[in-house]
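There are 2 protein chains.
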Amino acid sequence: MEMEKILQKVKEASRVVATLKGGVKRKILREMADAIEKNRDYLMEENEKDLQYARQANLSPALVDRLLLNEKRIKGMADALRQIASLKDPVGRVIDGWTLDNGLRIEKVKIPIGVIGIIYESRPNVTSDAGGLCFMSGNAVILKGGKEAKNSNIAIIQVLQKVLEENGLPKEIISLIPDYSREGVKWLIQQDKYLDLIIPRGGEMLIRFVTENSKVPVVKHDKGVCHTYIHKDADLKKGVKIAINAKVQRPGVCNAMETLLVDVDVAEKFLKELKQYMEEEGVELRGCEITRQYIDTKPATEEDWETEYLDKILAVRVVHGVEEAIRHINRYGSGHSDAIVTENYSVASKFLNEVDSACVYLNASTRFTDGGEFGFGAEVGISTNRLHARGPMGIDDLTTYKYVILGNGQIRE
Amino acid sequence: MEMEKILQKVKEASRVVATLKGGVKRKILREMADAIEKNRDYLMEENEKDLQYARQANLSPALVDRLLLNEKRIKGMADALRQIASLKDPVGRVIDGWTLDNGLRIEKVKIPIGVIGIIYESRPNVTSDAGGLCFMSGNAVILKGGKEAKNSNIAIIQVLQKVLEENGLPKEIISLIPDYSREGVKWLIQQDKYLDLIIPRGGEMLIRFVTENSKVPVVKHDKGVCHTYIHKDADLKKGVKIAINAKVQRPGVCNAMETLLVDVDVAEKFLKELKQYMEEEGVELRGCEITRQYIDTKPATEEDWETEYLDKILAVRVVHGVEEAIRHINRYGSGHSDAIVTENYSVASKFLNEVDSACVYLNASTRFTDGGEFGFGAEVGISTNRLHARGPMGIDDLTTYKYVILGNGQIRE
Numbered sequence: 008m009e010m011e012k013i014l015q016k017v018k019e020a021s022r023v024v025a026t027l028k029g030g031v032k033r034k035i036l037r038e039m040a041d042a043i044e045k046n047r048d049y050l051m052e053e054n055e056k057d058l059q060y061a062r063q064a065n066l067s068p069a070l071v072d073r074l075l076l077n078e079k080r081i082k083g084m085a086d087a088l089r090q091i092a093s094l095k096d097p098v099g100r101v102i103d104g105w106t107l108d109n110g111l112r113i114e115k116v117k118i119p120i121g122v123i124g125i126i127y128e129s130r131p132n133v134t135s136d137a138g139g140l141c142f143m144s145g146n147a148v149i150l151k152g153g154k155e156a157k158n159s160n161i162a163i164i165q166v167l168q169k170v171l172e173e174n175g176l177p178k179e180i181i182s183l184i185p186d187y188s189r190e191g192v193k194w195l196i197q198q199d200k201y202l203d204l205i206i207p208r209g210g211e212m213l214i215r216f217v218t219e220n221s222k223v224p225v226v227k228h229d230k231g232v233c234h235t236y237i238h239k240d241a242d243l244k245k246g247v248k249i250a251i252n253a254k255v256q257r258p259g260v261c262n263a264m265e266t267l268l269v270d271v272d273v274a275e276k277f278l279k280e281l282k283q284y285m286e287e288e289g290v291e292l293r294g295c296e297i298t299r300q301y302i303d304t305k306p307a308t309e310e311d312w313e314t315e316y317l318d319k320i321l322a323v324r325v326v327h328g329v330e331e332a333i334r335h336i337n338r339y340g341s342g343h344s345d346a347i348v349t350e351n352y353s354v355a356s357k358f359l360n361e362v363d364s365a366c367v368y369l370n371a372s373t374r375f376t377d378g379g380e381f382g383f384g385a386e387v388g389i390s391t392n393r394l395h396a397r398g399p400m401g402i403d404d405l406t407t408y409k410y411v412i413l414g415n416g417q418i419r420e
Numbered sequence: 008m009e010m011e012k013i014l015q016k017v018k019e020a021s022r023v024v025a026t027l028k029g030g031v032k033r034k035i036l037r038e039m040a041d042a043i044e045k046n047r048d049y050l051m052e053e054n055e056k057d058l059q060y061a062r063q064a065n066l067s068p069a070l071v072d073r074l075l076l077n078e079k080r081i082k083g084m085a086d087a088l089r090q091i092a093s094l095k096d097p098v099g100r101v102i103d104g105w106t107l108d109n110g111l112r113i114e115k116v117k118i119p120i121g122v123i124g125i126i127y128e129s130r131p132n133v134t135s136d137a138g139g140l141c142f143m144s145g146n147a148v149i150l151k152g153g154k155e156a157k158n159s160n161i162a163i164i165q166v167l168q169k170v171l172e173e174n175g176l177p178k179e180i181i182s183l184i185p186d187y188s189r190e191g192v193k194w195l196i197q198q199d200k201y202l203d204l205i206i207p208r209g210g211e212m213l214i215r216f217v218t219e220n221s222k223v224p225v226v227k228h229d230k231g232v233c234h235t236y237i238h239k240d241a242d243l244k245k246g247v248k249i250a251i252n253a254k255v256q257r258p259g260v261c262n263a264m265e266t267l268l269v270d271v272d273v274a275e276k277f278l279k280e281l282k283q284y285m286e287e288e289g290v291e292l293r294g295c296e297i298t299r300q301y302i303d304t305k306p307a308t309e310e311d312w313e314t315e316y317l318d319k320i321l322a323v324r325v326v327h328g329v330e331e332a333i334r335h336i337n338r339y340g341s342g343h344s345d346a347i348v349t350e351n352y353s354v355a356s357k358f359l360n361e362v363d364s365a366c367v368y369l370n371a372s373t374r375f376t377d378g379g380e381f382g383f384g385a386e387v388g389i390s391t392n393r394l395h396a397r398g399p400m401g402i403d404d405l406t407t408y409k410y411v412i413l414g415n416g417q418i419r420e
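Line by line, the protein sequences are chains E and Z.
In this note's numbering, each residue's number is its place in the first sequence (first place is 1) plus 7.
In this note's numbering, each residue's number is its place in the second sequence (first place is 1) plus 7.
Any given hint could be a false lead.
[Said to hold, decoys possible] Straight-line distance between alpha carbons at most 16 Å, and here's what the computed EDC-like set of lysine to aspartate or glutamate pairs gives:
| no. | chain 1 | residue 1 | chain 2 | residue 2 |
| --- | --- | --- | --- | --- |
| 1 | E | Lys245 | Z | Glu420 |
| 2 | E | Lys115 | Z | Glu288 |
| 3 | E | Lys200 | Z | Glu219 |
| 4 | Z | Lys227 | E | Asp199 |
| 5 | E | Lys18 | Z | Asp363 |
| 6 | Z | Lys200 | E | Glu219 |
| 7 | Z | Lys193 | E | Glu280 |
| 8 | E | Lys200 | Z | Asp363 |
| 9 | E | Lys18 | Z | Glu361 |
| 10 | E | Lys222 | Z | Asp199 |
| 11 | Z | Lys115 | E | Glu291 |
| 12 | Z | Lys222 | E | Glu219 |
| 13 | E | Lys117 | Z | Glu361 |
| 14 | Z | Lys117 | E | Asp377 |
| 15 | E | Lys28 | Z | Asp403 |
| 16 | Z | Lys117 | E | Glu361 |
| 17 | Z | Lys18 | E | Glu219 |
| 18 | Z | Lys28 | E | Asp403 |
| 19 | Z | Lys18 | E | Glu291 |
| 20 | E | Lys115 | Z | Glu219 |
| 21 | Z | Lys115 | Z | Asp403 |
| 22 | E | Lys305 | E | Glu291 |
| 23 | E | Lys222 | Z | Glu219 |
| 24 | E | Lys115 | Z | Asp199 |
| 25 | Z | Lys115 | E | Asp403 |
It is worth saying that the hints were derived from the structure and are not from the lab.
Can you make the complete structure from the sequences, with help from the hints?
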């Protein structure tokens with residue numbers, strides 16, 4: 008019941024934030040950035056409680072590090088809010104418009120989605136980033152962070168809400184749900200009366216749970232099993248450079264390559280060169296049978312083709328042309344980001360058309376699938392949904408649209 | 008298991024239809040239209056079986072009429088397919104594009120959604136309309152019609168599938184699910200491995216059932232509780248004309264007006280004139296307390312404000328300005344189509360901005376919310392979703408997008 012009251016207030020608050028002018032939103036976001044910096048000591052104190060708990064609970068050093076708020080990270084949170092304040096306001100943008108024969112003028116106009124629920128884990132900076140992005144796009148947001156970051160998240164929200172109140176706005180525009188039980192999440196994702204969109208960010212378990220139980224539309228940020236395909240007409244030097252970048256520049260992220268496909272015609276030459284570089288970078292290769300005729304690797308199993316390693320491991324498969332490469336990617340991939348390296352126009356066109364992924368690349372590293380790299384300024388994440396938002400999600404993707412129809416007495420005959 | 012095999016084949020077929028050129032699709036649609044006309048006698052014979060069953064089951068004459076396929080209606084189905092064949096192919100349309108500082112070229116390109124499930128009742132013409140729209144937009148479709156139209160639907164599908172096969176295409180591009188049980192529907196809407204979108208078209212019960220049980224994204228075609236608000240600065244002549252059109256031109260459809268709101272300052276004058284016309288048209292008025300001080304009507308209850316009559320009944324409420332009108336609409340409306348009649352610029356802007364509906368009108372009848380009227384050529388229906396597709400859904404709304412990124416060796420630093 009208490010949770011439902013919060014949701015009611017958030018819904019009411021969403022009507023208020025939806026009609027704020029861009030200038031007002033920018034001013035408030037900059038004040039929020041200043042407030043985050045001014046409250047640095049308080050935020051670090053509250054964060055220390057979470058860190059102590061994490062250490063006592065023997066969480067891994069990597070997880071403890073993700074929780075940590077230090078001076079630099081707090082500055083980063085403030086800077087992110089200032090960057091969001093500088094984005095173009097998506098609300099009110101006319102995306103299409105025309106006049107009917109009877110003189111009726113139709114405009115298709117971007118509007119906020121309404122109330123967005125974001126369910127995430129660990130990193131406390133997501134709290135201010137997501138709050139800022141939803142605010143700038145005219146949405147109210149309900150944040151459901153991880154229990155391990157409880158004190159940090161509450162402190163951040165308090166700082167942001169104080170700025171909202173100082174500006175005469177309902178603090179529920181940016182809300183935190185204080186229930187960390189599985190039942191609490193399940194209840195939340197079924198409240199289609201109050202919520203218009205759920206964005207889960209986290210592990211596969213969380214995403215599956217949300218997808219299967221939600222009555223609210225979900226835009227998921229799921230795994231990336233990304234491929235690079237070296238076609239026989241590839242510039243092999245570019246191919247090596249792109250493959251290495253896609254694998255090792257940051258192996259632990261969703262747009263890193265997990266499987267390399269290479270045409271049989273160039274397999275021997277390419278794989279021998281690649282192996283050398285990959286060994287220097289400490290990457291473990293797992294090859295198909297044909298691969299292992301050319302280079303010495305561990306054998307790849309069926310499971311390898313569908314695994315997101317997020318690590319310095321690469322599955323390698325030799326294929327017999329673009330058709331087989333496309334079939335492999337559409338079967339085993341996750342529809343995230345996949346690249347072909349070739350100088351052949353017809354083959355490239357075929358690959359780009361027929362690979363069914365959010366981002367398809369020609370002669371470039373899959374590591375560019377990123378809101379920042381795409382020029383969106385700030386990103387909500389990378390959607391693996393087919394509908395609503397696909398690929399890097401910018402602030403524009405936190406809107407929907409309405410039709411505004413202007414007449415002077417038209418009636419239907 | 009048999010159903011799952013059908014879905015597997017539909018999924019495979021979706022890869023084929025997705026890559027067909029526009030010219031091929033147009034040719035096949037025109038052949039389908041010809042085939043529908045050539046098979047008129049066969050279609051009418053099969054339809055007669057459904058009609059006999061309907062009469063034996065004592066279905067209402069209105070329902071029996073909706074089932075009927077006569078020469079004129081079969082001609083109508085063929086013409087609809089020819090019209091779809093003349094639409095602009097949405098697949099491949101570049102909706103955005105830019106070049107990054109590093110020279111990477113990004114294009115945002117429309118692509119088919121994949122496999123679309125459409126669940127509908129009675130009218131057999133939906134079978135060919137929906138099949139044609141999905142085909143032209145490069146999607147495979149699974150149709151799940153009502154049991155009462157079983158023989159008609161099977162016959163229509165056979166005719167369409169024969170044309171697909173004659174063109175060397177898998178017939179599963181347009182499929183019919185032959186299971187009419189509730190469990191069958193429930194199973195279908197949970198197959199997110201095979202289906203990318205579900206569109207339910209039908210009564211409230213069906214739509215609620217689908218929304219609550221689906222694991223596949225749903226675009227619903229729900230009810231329309233539409234309002235017309237007569238502001239005190241309205242041109243009252245336009246107001247009367249618009250209100251009458253919105254109520255009586257076709258009362259049984261979702262974009263007809265169900266509630267009239269009128270400012271207290273002009274209520275007496277406006278309502279007295281309106282009552283006369285509405286009585287001539289046989290419309291029953293149900294008024295709020297203030298309304299009944301000016302004209303004699305039945306009293307409106309709380310329930311009336313949220314009822315979609317689909318009939319010659321109109322709820323009438325007197326309000327004290329635009330704020331109250333917006334509050335009423337956002338509380339009781341269904342977010343479908345709502346109109347204001349006024350000559351006042353600021354009031355109109357406020358209404359158009361703050362009413363949270365798919366279509367908001369100034370000085371025009373809500374009856375224009377329709378794919379045909381909007382100029383979409385053919386319509387899938389009118390979506391009451393907030394996301395993906397909102398309002399009249401044209402063939403463009405049966406697509407999603409992918410990012411195509413063209414490089415010449417770019418790697419991420």
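Problem - Contradicted hints - numbers only - result: 2, 7, 11, 14, 15, 17, 18, 19, 20, 24
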